[in-house]
Every structure is written in structure tokens, then in C-alpha cells.
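Student: Residue strings, one per chain:
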Amino acid sequence: MANMSHNNLNAKLVLLGDMGAGKSSLVIRFVKGQFLEFQESTIGAAFFSQNVSVNNATVKFEIWDTAGQERYHSLAPMYYRGAAAAIIVFDITSMDSFARAKKWVQELQKQGNPNMVMALAGNKADLEDKRKVTAEEARIYAEENGLFFMETSAKTAVNVNDMFYEIAKRLPRAQTSQNPAGMVLVDRPAEGSRSSCCA
Amino acid sequence: MDEEYDVIVLGTGLKECILSGLLSVDGLKVLHMDRNDYYGGESTSLNLIQLYKRFRGSDKPPAHLGSSRDYNVDMIPKYIMANGALVRVLIHTDVTKYLYFKAVDGSFVYNKGKIHKVPATDMEALKSPLMGIFEKRRARKFFIYVQDYNESDPKTHDGMDLTRVTTKELIAKYGLDDNTVDFIGHALALHRDDRYLHEPALDTVKRMKLYAESLARFAGGSPYIYPLYGLGELPQAFARLSAVYGGTYMLNKPECKAHDRTCFKMEELSSPAMNFPKCQVEFDAEGKVCGVTSEGETAKCKKVVCDPSYLTNKVRKVGKVARAIVIMSHPIPNTNDSHSAQVILPQKQLGRKSDMYLFCCSYSHNVAPKGKFIAFVSTEAETDNPETELKAGIDLLGPVDEIFFETYDRYEPVNEPTLDNCFISTSYDATTHFESTVVDVLNMYTLITGKVLDLNVDLSAASAAEE
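Taken in sequence, the protein lines are chains A and B.
First residue of the first sequence? That's 852 in the working numbering, and the numbers climb one at a time after it.
First residue of the second sequence? That's 1144 in the working numbering, and the numbers climb one at a time after it.
Each hint should be verified, as a subset may be incorrect.
[What the hints assert, rightly or not] Some chain A residues judged to face chain B by a derived CB distance under 7 Å, without partners named:
#1 Ala918
#2 Ile991
#3 Gly1033
By construction, these hints were calculated from the structure, which means they are not laboratory data.
Each residue gets a CB set at the ideal place from its N, CA and C atoms; glycine is no exception.
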């Protein structure tokens, strides 16, 4: 859920798309500025946070990667719960991965929060000579389904930061919290006072 | 799926998911399957449509109850002791980052026909209408003894060795009457029956300390916390942990059950041409588990971890839980308007052999639409008629919008895991919190890995961050 306090906004962002489309690579490019040619399947870390500043406000993205649970369609409802934004990733060199991206969009429309900001990322844009999905085709699909579309390359960094910045701009600003805020149990000394829960 | 795994876990109940997570973090190669198309097995939380399908055979719940997706109705309702073992496991595994909690508003006990707040400290004992003026002072002294008791400091033991002195003897020293003993034993120490009176007092003293320390932790009205969106979030969070560390997840695998065939025979059977529809656990000639077959593919493994429903020939029935699930539009009467609460009805108060529990949560924990409350009445069944048996508890709820009755059997494993490498969890009991659940998980973890999980996380450093 996107929660705003003062000029800070926390926003959960989920990644969707088929194995190998480059979900983790996009996040690692965005969060760490790195790219590995042979990124292993996601192991050990599938939760990142990164701040983006837009119009006097800071958006703190809490980014959830699929941890491979998309492989056999075993993503838990918890994954979608409270997500303020989603990036659906496909590989422009694979028509299959584009077809499956559409399936993920349908799944999101079913499970996700209706105000969610959805981005469609045509990744691996550096592989122009192997392109199978035209930018026009993806753009039309995105427009028809209320997503915004960008072609990205985690390898060359093209459009990666721009995409997250664009999502941050589109997040509804004064989203009234639909749910009472809970507390997170953390294994470190609380900042400030020992917090009480339950506002 | 045609691969070899260290462990195959069957069923995505909370116990199986915690184990799957712990084993994946240990670096073992884990395949986790469930016959259902949802996470949680018996410990899932259902939306309204799923609830009506299960109990009414209809997928059309009445419109006045509100939107189906606003409901998360626990199938195993329990609260989490704020300083208890489950919180330690959550912190140890860092699964807390996927979950949001809120404290539970109130903890109550039924006594002589009335509902009272459970007094947990010496100060509360002095204020409680549960006891007369002299009894209060005796109880206060006992509470102070328990609060000050430190296992490693003999000066606080008052000359008693609590590993030998029984609870009954300890209580006799403070001259407490049976009524006081009843709520201390059942509502504070959370014993389910009266066996504890004749067992060493140390366990009861530790349980009372856990209750008081948990109560102090979040300064709420109870020692409990509960996740937003219901307990079904817990197995999902541990499954995610397992996946993050390389665990493979497959839901919606058809009926998985044990079967007496040997592995080499199964390999013939599992050729694609046979199109074998079932999912089953495979054993070698020595009776050791060697794989699981589902939809014509066999995944080999060294060990299987599962709930009792996946290996029905290796478990026996040990009891039955009776319960009512209630949707209502108000809190439990006489609980201070608590939007989440527990009420314990000690066995003696009802003339029963085991306690009855009321559990209530609501829209304030995002388990129901605005204005709606979900209450559960549960107990270890002593008859075959849950409606009559649960009446004493249901009567305390006031008018209800809807009520569903159910009994379910509890099983425990009878196999010898060192011989067959099958590690089977025990069914969830009727207790109102997760302490016994985690004990089972930790024992299974030790059996599977030969290691003891070190849960000495720094609870005093852990706190709750407001989000």
C-alpha cells in the first residue's frame, strides 16, 4: 500500500513476468547499478528497497521479486497484497514471453488493487537484431489495458531508472490509507522510543 | 520435476512451510508441493466464497455479509504470544518483513457465569473482581514470586526446587483457593487440562512469566499479536522464505498419498505413456522413502516432510476438535468492546474435561469488512454433537449473522522416521496460541537435520516499528 507521511511515500512494487525475462536484472540495475551477463535464478535476496525523489517528495520503493514462485504459477496472494505498483517484464526477443506477460496482466487485474500503477517493460532492448516483438505492438497493448510502456535494457541501463521514476510520478499522492496500519516486528533496536502499536 | 531433491515437503500448512523455509536456508534442495491450488492447507484463511463452498456447498454467500475478498477466515484460529516461540522463529528467519501485526485488544477468562479480564501482574491481581480481598493479597504474593523467579538465580527460588515441587504444592504454599488456581492454570499458564497440578511447577511458572512478559511487550490489553489479513499470511511468508533460498513450489498437484510400490517399479509406471494421474510417495525395498510421483513424473528425494493427510497409513487419530465459526456485527459482549479478544472457559467452569476457547477478530485486523466480526468457539470434542457441546461458548456471543459448525480429527505420526525418512507433523490442536505448534516444528527440524535450532534471538532488542 502506498502510505504517505509528510513528503515520504512508501510503495510496494512487485515484479511479474516469465523466468528469464530479466526481472531480477532490472531491479539489480536500478538498486545497485550493476548487471551480470549470467544472472542466476533469484536466490537469497528477493526484497530490495530504493528511494526515488519526485517533486519534493521521496518515494521509497519496497520491491518484491518473485523468488522463482512464478515458475509453476505458485505465487501467493500475499505477493500482490497491498502492491501500489507492478512492473510486468517481457523479453523483446521472445514472442512467448510477451504472450505470457499478457497473462500476468490479467492475473494482476484479478488479484491486485484496482488503483495499482502498472508498467510494461520490454526488456533486452539492446538485442535489437534479435527482436521479435515490435515496440508498436507492445505500446498498443499497453494503451488498451491501462499500462504505460517502456523498452528497457538492464544491460545498458537504458530507461531503467526512468521507468521507476515514471512509476513514482504516477503513484496517487494523497492515497487515503484503506487499511489501519499495522506494525512490523523488527530485530533491531527501535529507532526512537520503544514504539507502541495500534494507533 | 524429474530431479533429485534433499527433501520433498507435501502440504503448505504453517508447520510444513516453516520447515521448508528453515531447510532451504540451511542450503538443502527442497521441492514443496500441495494438492490444493492455494497455500496454507489446514491452516489457510478462507474468503467468504471459499467458506460457503466448504460449509454450505454453495458459492453464493448472502449479499448482506459484504464482499467475499474482505474476508480472511482462519481455519485454525490462534493468537501469537508476543514473546513466544513463533515470534522468535519469525525474527530468526527475518520473515517479519513480509508481515504486519497488530496487538490483540483483550484477554479474558470465564468465571462463575461472567467474563473477566485476566489479571497477569501483582497490580492487576489487586484490582481484579475475580478474587475476594484476602485472596487478592495471597495472589499478589504469588505473582510477585513468579515475576521475580529467575531459573539461574537460586536466591529467587525461595528454597524450592521447582523441577521437583509440583504446581499443587507451590500453590498450596501461597494458600490460593481453587477458583484462583483455575484461572491461573488455564487463563495465564494456558494449560488445557488439570494434569499440570501434579507436574513440576517450573513449567507453569515459565508459562506465567511468558504471559506477563508478552503482555508488557506492546502495552496492549493482551499478551497476543495477530497478523493483518489473517493467519493464512504466515505459511505464505515462510513459503516465500523457502523460495527465496531456492525452494521450488508447485501447487494444485492432484491427490498426493502414500502408496506401497517400489521406486524401480514406479519408474516403469511413470513413463509418459502411462499418464499416471496420482501423486504419491514412493518407497524403496527397505521401506525408506525415495521419491514422490505426481502426474506421471517422479521426483527423487532422501526425505519427505508432510502433514498427516499425505501419509494416512503412518498416522493415528488422537482426538477431535469441535468448533463453530461465527460471523457477527458486534464484539463479544462484556469484553470492553474489544475488536480482537480471547476468552478462555476453563473446563471446571463448564463441567468438562477440556477447556473451551472463544476467539474473536474483526475488520480491525483486516479479516472482515467494516463492522463485521469473526468469532470462533472451539474445544477438544467430547461428544459427536458440536452444536450442543459448544452451546456454553456460543451463548456468550450474543446474536449472530451466520454460524458454521465443524468437527475435525487430529492425527499424530506413528512411524519411525529413522527407518523410513518420513517426517510427519501432528495435526493442529485446539489451543489458542502457537506454542505447541512451534514445539512440534522444532522437534521435527531436529529429527530431520540432527541440529537444534538456536532461537536465542534478542527479543529485548526487537521491537515493533510503526509503518
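Student: If a hint holds in the structure, say so; if it doesn't, say that too.
Tutor: Evaluated hints:
About 4 Å separates the beta-carbon of alanine 918 of chain A from the nearest beta-carbon of chain B, less than 7 Å, and the hint is met. A hinted interface residue such as isoleucine 991 of chain A counts as satisfied when its beta carbon comes closer than 7 Å to some beta carbon of chain B; here the least separation is about 31 Å, so the hint is violated. This hint holds: glycine 1033 of chain A has a C-beta 3 Å from the nearest C-beta of chain B, less than the 7 Å allowed.
Violated hints amount to a single one, hint 2; each of the other numbered hints is respected by the structure.
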